[in-house]
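Once you've looked at the hints, go ahead and assemble the two chains, each given alone in its own frame, into the complex.
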Amino acid sequence: MSGKGGVGKSLIATTMALLLARDKFRVGLFDVDFTSPTTHVVLNAGGLKPIEEKGIVPPEVYGLKYMSLAFYLGGRALPLRGQELTNILLETLAYTIWGKLDALIVDMPPGISDLMLDMLKYVRRAEYLIVTTPSKMAFETVRKLIMLLKDLGAPVLGVIENMRFSDTEHIKREVETLGERYLGGIGYDMRLEESLGRLDNLLNTRFAAEVGAILRKIVYLKT
Amino acid sequence: MHEWALAEAIISAVSDVAEREKLREVNSVVVVIGELQQVDRNILRFAIEQLKQGKLAGAKFIIRTERAVFTCRACGYKWPFRGTNLPEEVREIIHFIPETSHAYVRCPACGSPDFDLSGGRGVWIASVRGEG
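As given, the protein sequences belong to chains A and B, one line each in that order.
Residue 1 is where the first sequence starts when you use the working numbering, and the numbers rise one by one after that.
Residue 1 is where the second sequence starts when you use the working numbering, and the numbers rise one by one after that.
Next comes chain B alone, as it looks inside the complex (with noise of 0.2 Å):
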């Protein structure tokens, strides 16, 4: 992931909220990243931090992590992908490709590898605060 190609999208949204519900200035930005992209956030903090000026000069930005979550769709038991003991190398394997994890996991109450993995893909803002 290209943390300051991602960070410059983030500052044009909120860019484009701010003008659109004529905000003087933006205060607070919640950005959430789902556990499962493969970015820095150090990076992408820091990357943040240079870019926002104008009206989003002052704004804090909060950067939440969305996690992942398996369902079995054979005995519907639920588990966190950040709970799965797996070696470092396939947790970059899923990271790439999540449904890899067909390969790697299985249902830890019934052993299926027929689960669901939601949640933890994408980065969206949640929230834009602002003065009008």
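In isolation and in its complexed conformation, chain A is listed as follows (with noise of 0.2 Å):
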């Protein structure tokens, strides 16, 4: 999650669930952005259909279960008051069948909002991984957000510095006076743009051998 959009989170939830898929854990990602979804064109997947059995199977798009509203939607927009993003994420809570998984990644909305405060109140067990850009602006509403997750005791497994291009080391350091973790930067990738919907091309970028190295991080991390 992030305090900013356009930091780059659907892109690195959909390319570390990606990752986790290759390497046959069992992996959900559920875009939980839901007046925004867009996970769906990274993976090219937005002509899927969930199987209704009992529930919502969600298809499969690369080994990983994939759910977004975007599904449902045919392009349209989606504009929703703030109990509505409830109703949704409690219905699709209660529909979906992920089956058993090793990890489930959640693509969130940007801000510290309705969705932000359900995910701490309905999923407990939710751990948060945090990006946000070299930019001071970015920055300055992830502070906010790291110390709102630090207040309420809610799980931060770190943060990631996207879109680094240059050498200075000023997220890190404001990270670690916070007291939370510098998971490591991934480098402005001027080829990205083109690999998205072409997930061999994306998963051979340089954009993604740099989500791998922090994703091994986090895993080594919880391991």
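Hints are computed from structural coordinates only; laboratory data are not their basis.
Hints may contain errors.
[What the hints assert, rightly or not] Short, incomplete list of chain B residues facing chain A, as computed with Cβ under 8 Å: (1) V17; (2) H95; (3) I97; (4) E99; (5) T100; (6) A103; (7) P113; (8) D114.
[What the hints assert, rightly or not] Quick partial rundown of chain B residues pointing at chain A, CB under 10 Å, derived from the structure: (9) R91; (10) I93; (11) F96; (12) P98; (13) H102.
Predicted model, so just to flag it, every value in this text is computed and none were measured.
Glycine is no exception: its CB is placed at the ideal position from the N, C-alpha and C atoms.
Written out as structure tokens, the structure reads:
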């Protein structure tokens, strides 16, 4: 998650899920950005349909189980108010049959509002991975998010600095000052955009290699 | 929705009421099902008839539907879900996740997608009548 939009949460979440699936982990990816889902663009999966069988069976993409409202919207905008976001989260959590998973990666919408509060309330086992960019503006919101999560006792896995374009270490220092783990930086990859929707290409980018290095660090920390 | 599991839950809830109210037998039960719940009423009715026993054996189960109503937040106009002209595929999506109606429905009076969808959800027992 992140306090800001456009920092790369969806692409990092999707790439992590793909890398785990490639390594034969049982993994699910749940796009909780209900008004503006985008993970289907990365996966080229907007045309898929879940199977309805005593609930919703998420389709498999590249070995991962995938759920997104994009399946139901046909490219339409979905304007929602706060309580409606909560209702959708509860409905989709209740109906989606994930089966046994090693990890469920949840791509959150940006900001500190309804769905973050709902995750804290309803998904007690969740652990939070924070994404920022080197921008002071992005980190201004991320700092508040980290402080809030710490205040609430929510487990923070660490912070990823995405779209790095210089060797400056100010984000690392800021994160460590807050007492959190700086998981690593991901460089700005000019060729990333053209690999969206082409999964073999995506997994061969420098971006995916850097996400993989951070992922190994997280898995190592967890085991 | 699992109609048999729902029928079992209804029978169990009515049995609890009968016990609590010290009824010798239950004569009639009104069950309300929200219009947006995906419940096959015929299967539910059949399941209830098969499962009712003891104090409930002679009870008449009446199944009613609560309609879902849209109220526009922009202009206040109200209109029923039932009257909304939508393809079957879209109706199924809205039954599953009612909030997706904001992608497909507009207020017939002012065209706004900012409306409230009230009623039409859940299943509950409205009344239990019997003899003490």
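We went through each hint and held it up to the structure:
1. V17: violated, 26 Å
2. H95: violated, 10 Å
3. I97: Holds: closest Cβ of chain A sits about 5 Å from I97 of chain B, inside 8 Å.
4. E99: holds, 4 Å
5. T100: holds, 5 Å
6. A103: holds, 4 Å
7. P113: At 5 Å from the nearest chain A Cβ, P113 of chain B passes the 8 Å test, so the hint holds.
8. D114: holds, 7 Å
9. R91: Since chain A brings no Cβ nearer than about 12 Å to R91 of chain B, farther than 10 Å, the hint is violated.
10. I93: holds, 5 Å
11. F96: holds, 7 Å
12. P98: At 7 Å from the nearest chain A Cβ, P98 of chain B passes the 10 Å test, so the hint holds.
13. H102: Because about 5 Å separates H102 of chain B from the closest Cβ in chain A, which is inside the 10 Å limit, the hint holds.
In summary, the structure is inconsistent with hints 1, 2 and 9 from the numbered list given earlier, while agreeing with the others.
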